[in-house]
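Enquirer: Next come the chains, spelled out residue by residue.
2 protein chains.
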Amino acid sequence: MNRPLEGIRVIDVSRILAGPFCTMLIADLGAEVVKVEIPGSGDPSRSIEPTINGDSVFFISINRGKKSITLDLSKQEGQKTFRDLVQHFDVLVENFVPGTMARFGLDYETLKKSNPRLIYTSISGYGQDGPWAKRPALDITVMAKGGLMSITGLPGGEPLRPGASLADSTAGIFAALSIVSALWQRQKTGEGQHIDTSMLDCQVTMMENPIARYFGTGRIPGPVGTRNPMAAPFQVFSASDHYFAAAIFTNRPEDWEYFCRVMGRPDLGEDARFRSNNDRNRNVDSLTELLQTTFSTKPAAHWLRVFTEAGISCAPVNNVKEVTEDEQVLYRGMIAAIPNASTGTWRVANTPFKMSESTTGPAGAAPGLGEHTNSILREMLGLSDKEIEDLRKKGAI
Amino acid sequence: MNRPLEGIRVIDVSRILAGPFCTMLIADLGAEVVKVEIPGSGDPSRSIEPTINGDSVFFISINRGKKSITLDLSKQEGQKTFRDLVQHFDVLVENFVPGTMARFGLDYETLKKSNPRLIYTSISGYGQDGPWAKRPALDITVMAKGGLMSITGLPGGEPLRPGASLADSTAGIFAALSIVSALWQRQKTGEGQHIDTSMLDCQVTMMENPIARYFGTGRIPGPVGTRNPMAAPFQVFSASDHYFAAAIFTNRPEDWEYFCRVMGRPDLGEDARFRSNNDRNRNVDSLTELLQTTFSTKPAAHWLRVFTEAGISCAPVNNVKEVTEDEQVLYRGMIAAIPNASTGTWRVANTPFKMSESTTGPAGAAPGLGEHTNSILREMLGLSDKEIEDLRKKGAI
Numbered sequence: 001m002n003r004p005l006e007g008i009r010v011i012d013v014s015r016i017l018a019g020p021f022c023t024m025l026i027a028d029l030g031a032e033v034v035k036v037e038i039p040g041s042g043d044p045s046r047s048i049e050p051t052i053n054g055d056s057v058f059f060i061s062i063n064r065g066k067k068s069i070t071l072d073l074s075k076q077e078g079q080k081t082f083r084d085l086v087q088h089f090d091v092l093v094e095n096f097v098p099g100t101m102a103r104f105g106l107d108y109e110t111l112k113k114s115n116p117r118l119i120y121t122s123i124s125g126y127g128q129d130g131p132w133a134k135r136p137a138l139d140i141t142v143m144a145k146g147g148l149m150s151i152t153g154l155p156g157g158e159p160l161r162p163g164a165s166l167a168d169s170t171a172g173i174f175a176a177l178s179i180v181s182a183l184w185q186r187q188k189t190g191e192g193q194h195i196d197t198s199m200l201d202c203q204v205t206m207m208e209n210p211i212a213r214y215f216g217t218g219r220i221p222g223p224v225g226t227r228n229p230m231a232a233p234f235q236v237f238s239a240s241d242h243y244f245a246a247a248i249f250t251n252r253p254e255d256w257e258y259f260c261r262v263m264g265r266p267d268l269g270e271d272a273r274f275r276s277n278n279d280r281n282r283n284v285d286s287l288t289e290l291l292q293t294t295f296s297t298k299p300a301a302h303w304l305r306v307f308t309e310a311g312i313s314c315a316p317v318n319n320v321k322e323v324t325e326d327e328q329v330l331y332r333g334m335i336a337a338i339p340n341a342s343t344g345t346w347r348v349a350n351t352p353f354k355m356s357e358s359t360t361g362p363a364g365a366a367p368g369l370g371e372h373t374n375s376i377l378r379e380m381l382g383l384s385d386k387e388i389e390d391l392r393k394k395g396a397i
Numbered sequence: 001m002n003r004p005l006e007g008i009r010v011i012d013v014s015r016i017l018a019g020p021f022c023t024m025l026i027a028d029l030g031a032e033v034v035k036v037e038i039p040g041s042g043d044p045s046r047s048i049e050p051t052i053n054g055d056s057v058f059f060i061s062i063n064r065g066k067k068s069i070t071l072d073l074s075k076q077e078g079q080k081t082f083r084d085l086v087q088h089f090d091v092l093v094e095n096f097v098p099g100t101m102a103r104f105g106l107d108y109e110t111l112k113k114s115n116p117r118l119i120y121t122s123i124s125g126y127g128q129d130g131p132w133a134k135r136p137a138l139d140i141t142v143m144a145k146g147g148l149m150s151i152t153g154l155p156g157g158e159p160l161r162p163g164a165s166l167a168d169s170t171a172g173i174f175a176a177l178s179i180v181s182a183l184w185q186r187q188k189t190g191e192g193q194h195i196d197t198s199m200l201d202c203q204v205t206m207m208e209n210p211i212a213r214y215f216g217t218g219r220i221p222g223p224v225g226t227r228n229p230m231a232a233p234f235q236v237f238s239a240s241d242h243y244f245a246a247a248i249f250t251n252r253p254e255d256w257e258y259f260c261r262v263m264g265r266p267d268l269g270e271d272a273r274f275r276s277n278n279d280r281n282r283n284v285d286s287l288t289e290l291l292q293t294t295f296s297t298k299p300a301a302h303w304l305r306v307f308t309e310a311g312i313s314c315a316p317v318n319n320v321k322e323v324t325e326d327e328q329v330l331y332r333g334m335i336a337a338i339p340n341a342s343t344g345t346w347r348v349a350n351t352p353f354k355m356s357e358s359t360t361g362p363a364g365a366a367p368g369l370g371e372h373t374n375s376i377l378r379e380m381l382g383l384s385d386k387e388i389e390d391l392r393k394k395g396a397i
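First to last, the sequence lines map onto chains A and B. Residue numbering for the first sequence is 1 to 397, as defined by the numbering used here. Residue numbering for the second sequence is 1 to 397, as defined by the numbering used here.
Derived by calculation from the structure, the hints in this document are not laboratory data. Check the hints yourself; a few may be wrong.
[What the hints assert, rightly or not] If you want the footprint, here are the derived chain B segments under chain A, 3+ residues with CB under 8 angstroms: (1) 40 to 49; (2) 176 to 190; (3) 202 to 212; (4) 310 to 318; (5) 327 to 336.
[What the hints assert, rightly or not] Non-contacting residues of chain A with respect to chain B, defined by C-beta distances greater than 12 angstroms in every case (computed): (6) R83; (7) L85; (8) K113; (9) S122; (10) D267; (11) L290; (12) T294; (13) A363; (14) A365; (15) H372; (16) E389; (17) R392.
Note that CB positions come from ideal geometry on N, CA and C, so glycine has one too.
So here's chain A without its partners, still in its complex pose (with noise of 0.2 angstroms):
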C-alpha cells in the first residue's frame, strides 16, 4: 500500500521540538524529509540527556525515518546551498524566531520567486505579526499565556502545567494539517503559500471550551482537580487501593440511575440534587463526596469490573510503564521498533495515523548527524567530492 504523502520532499530546518514533531507526523505519513542542523552540533535536542549510548532519547523519539544534512544557513555559502536545494522541494519547515530567516535571505517572498509552488511553514511561539511576535518562546511560556496551566490544578491551588510538552506538539499537528491543506489547494490552483502557525494561537483553539464557557457566563475557569467542569461524574476516584477514572455525559435521569445501581447505591439515583448531568454540575461537591465515600470501599479492580461490564465508561490511571504495556497499546501497534545503530532496534511511540489504504508510520531510524551530507548534495544538485570538500573546509557544511 502507498504512504498518503509519498513523493513529497520536506526540507525542515526546525530544531527541538514543535517542528520536528510536525515533521515527524509527515514522515510518517511518507513523506520525505532532509533535515537541515548546523555543521558540529547540530539541532540541540541531540545533546538533551537522557541518552543511550550517546543518542539522546528525546531527538530520536521525533526525528525517525528523516535524514540530516549539516549547513551553516549563518554563512553565504551556507545560504547558497540552502536556496539550491529548495527548489526540490514541496515543503519547507522552519521555527526560527520570527525574522531570523529574512537576515539568512531564505525568507518566502525571496524563495518564492525561484520555487512559486514552495508551501512554506513558519512555526513560532506567538506568529509572524503583533506586539509579540519577535519574542523567543518555549512551550512553558506559551502554556502560561494561552491559559491552559490557569485551568490545570487542584480547586483554589496554584496553576500546573500538563506533564508533556503541549504547546509544542499541538503546534506540531497544526502545522501539518496546515501543510497537508495547502497541499491539497496547490493541486488546485499550482501555487504554494505561507503557513504561519502559532503556538499561542494553537492553545487558544484548545481552549475554546474554558473560554465558551467564560464568554457564556462571565466567570473566570479555574483548576478543578480532575473533573471535567461541565459534566458529572467525570473524573478520578479513589479506591480502596488505587486511583480510577469513570464518568459518564447524560441529561437523562434513567442513566444516572443505572449508574446509580451499577455501584450499588441506588439511592443515589432518586435523589433530586443529582437527576440530570446539569443537576450533578450544580451540587458536584456534595455528589464527589457521597461516590468517593463508596468507592473507597472497595479496590480499584471491582469498580473497574463492574463499570466495565455495565457499559460505562472506566479506566485506571496509568502511569507511563503501564502504557507501555497495555494490551489495547500493544495491541494497536502504538510501541513501535526502529533501527538503531547502537542498540539494533529502539522503541518509540508511534502515530495514530489509521487508514484501511494507507501505510503509516516511523520510516526507518534516526538520522546521525550530516549522514546524508555528501548523498544528497551530490544527488540533487550534483556538486562533485571537490565541491563538497570545499563547502566542508568553509564551514558551510
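Model the placement of chain B on the given structure of chain A, informed by the hints.
Expert: What follows is chain B alone, placed relative to chain A:
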C-alpha cells in the same frame, strides 16, 4: 482568496466533542459540513449548560459554520435517506462506540460499494479493534489510560487532569489530518478509505517524550509541578505578587551566565552545579530554591520586563479572561465573532490556520436543530414536500 478545502462535502454524524471538534477544523478550512442529528434532542451537547438564551455555549463553539439535518439512524427510513445522502459526500465522520454504524447497516464496507471515493472516518475511544475496542470512552478515561494524568500534578501528589478535554480535541486534530491526507491520496488513486482514529492512540503519540524517557532510563516519569523534566530552569516561579513563567533550553554555559546576569545573580552563573542544562537538571531542586528566593523579592512585572528586554523567554500565567483580552491573541484574530440568532453575534475561539493564499476561520452561525433538513433533502435528493412530510410523520427526520 479560496478556502483550502472548498468544494469538499462532509457528512457528520458525530456527537459531543472529538468528532465535532474535527469537523469544526475541517469547516474552518472551507469544507461544507452537514451535521446529522437525532430528531427531537439532537447532539447531546445541545443540552449542556451553561447556555445563552437556551443555546449551549459548548455546542455553539464547535458547531459554528455547519449545517444541521435530523435523521433517526435507528429507523429504516433514516438509514435509507442517509445512504442516499452519502452518495453526495466526500467524507463521513462518526464517533459512535465501534459496531454502532454496522448495526445501522451504515458501516464502511456497505457504504463504499456505492461510493468508493468516500473517506469514512471513525473516531473512537480505543480504536475499531483490540480488546478494549467496544468499551465506551470519555475524555477522562482516555487521559487516565493514556498516562497523561500520571505525569500531571505536584511531585508525589495525586494524578491531575489537564484542565481542557485534550483527549477529545487532539483526536479531533489527528482525525482532520488523516482526512486531508486521505483526500490527497485519493486525487492520485481515485479511491477513498476507512480512517480509524483512536483517542487512546492519539494520547500515546502525545506522550512520545515521557515514553522515550522511560525507555531510555527505565525510570517511570511522575508529576513535576510546572517543570519540564528535561530542561531547567523551565517552569513557573512565584514573584512577590503573581506567578510567571521563565525558561531557557540550552547546554551552553554562556547562555546560563547571561540568564544569571539578567536576573541579578551573576554568582549563580559560576556555580559548578548549574553550568549546562544537563547539570542544572541533575541539581534542579537546589536550583529552583535559589531562583525562587530571588524571584520572590520583586513583582512579576519586574521579572517579565527584564527578561523580555534581554530576549529570554518569559510570560505571565494568564487566566481565561486575560487570554481573551491578551494583546497578541487579539492581534492575531484568535477571538472571532460569529452570527447568533438570539444575541446578534457571539464570540468563539478561532482556529489557528494562517495561510497567505487561503481564507480560513468560522464560516457562520451554529445551526438550529434540523435547520437545513428540508433544503438538503430537497436539493440533494430531490425529495418533494410530501415525501419530506412522510419522513417526518414516521419520525425518521
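Enquirer: For each hint, tell me whether it holds in the structure or not.
Expert: Hint-by-hint comparison with the structure:
1. Note: the region 40 to 49 of chain B has 4 residues with beta-carbon separation from chain A under 8 angstroms; the three-residue rule is met and the coverage holds.
2. With a threshold of 8 angstroms between beta carbons, the proposed coverage of the region 176 to 190 of chain B by chain A holds, since 12 of its residues qualify and at least three are required.
3. Restraint check on the region 202 to 212 of chain B versus chain A: 10 residues with Cβ-Cβ distances below 8 angstroms, three needed, restraint holds.
4. Figure legend: the region 310 to 318 of chain B, annotated as covered by chain A; annotation consistent (8 residues with Cβ-Cβ distances under 8 angstroms, at least 3 required).
5. Coverage of a stretch by a chain is defined here by at least three residues with a beta carbon nearer than 8 angstroms to that chain's beta carbons; for the region 327 to 336 of chain B and chain A the count is 7, and the condition holds.
6. The beta carbon of R83 (chain A) is kept farther than 12 angstroms from every beta carbon of chain B, the shortest such distance being approximately 20 angstroms.
7. Look at L85 (chain A): its CB is around 22 angstroms from the nearest CB on chain B, clear of 12 angstroms, so calling it non-interface holds up.
8. Non-interface status of K113 (chain A) relative to chain B is upheld: no Cβ of that chain comes within 12 angstroms, the nearest being about 14 angstroms off.
9. Residue-level check failed: S122 (chain A) sits 9 angstroms from the nearest beta carbon of chain B, not beyond 12 angstroms.
10. The Cβ of D267 (chain A) lies farther than 12 angstroms from every Cβ of chain B, with a closest approach of about 24 angstroms, so its non-interface assignment holds.
11. Even its closest Cβ contact with chain B, about 19 angstroms, leaves L290 (chain A) beyond 12 angstroms, as expected for a residue assigned away from the interface.
12. Non-interface status of T294 (chain A) relative to chain B is upheld: no Cβ of that chain comes within 12 angstroms, the nearest being about 19 angstroms off.
13. With a least CB separation of 15 angstroms from chain B, A363 (chain A) remains clear of the 12 angstroms interface cut-off, as annotated.
14. No beta-carbon of chain B comes within 12 angstroms of the beta-carbon of A365 (chain A); the shortest separation is about 14 angstroms.
15. Remark: the non-interface label on H372 (chain A) is consistent with the geometry, its nearest Cβ contact in chain B lying 23 angstroms away (cut-off 12 angstroms).
16. Separation of E389 (chain A) from chain B is adequate, the least Cβ-Cβ distance of about 29 angstroms exceeding the 12 angstroms criterion.
17. Chain B leaves R392 (chain A) outside its interface by the beta-carbon criterion, the shortest separation being 24 angstroms against a cut-off of 12 angstroms.
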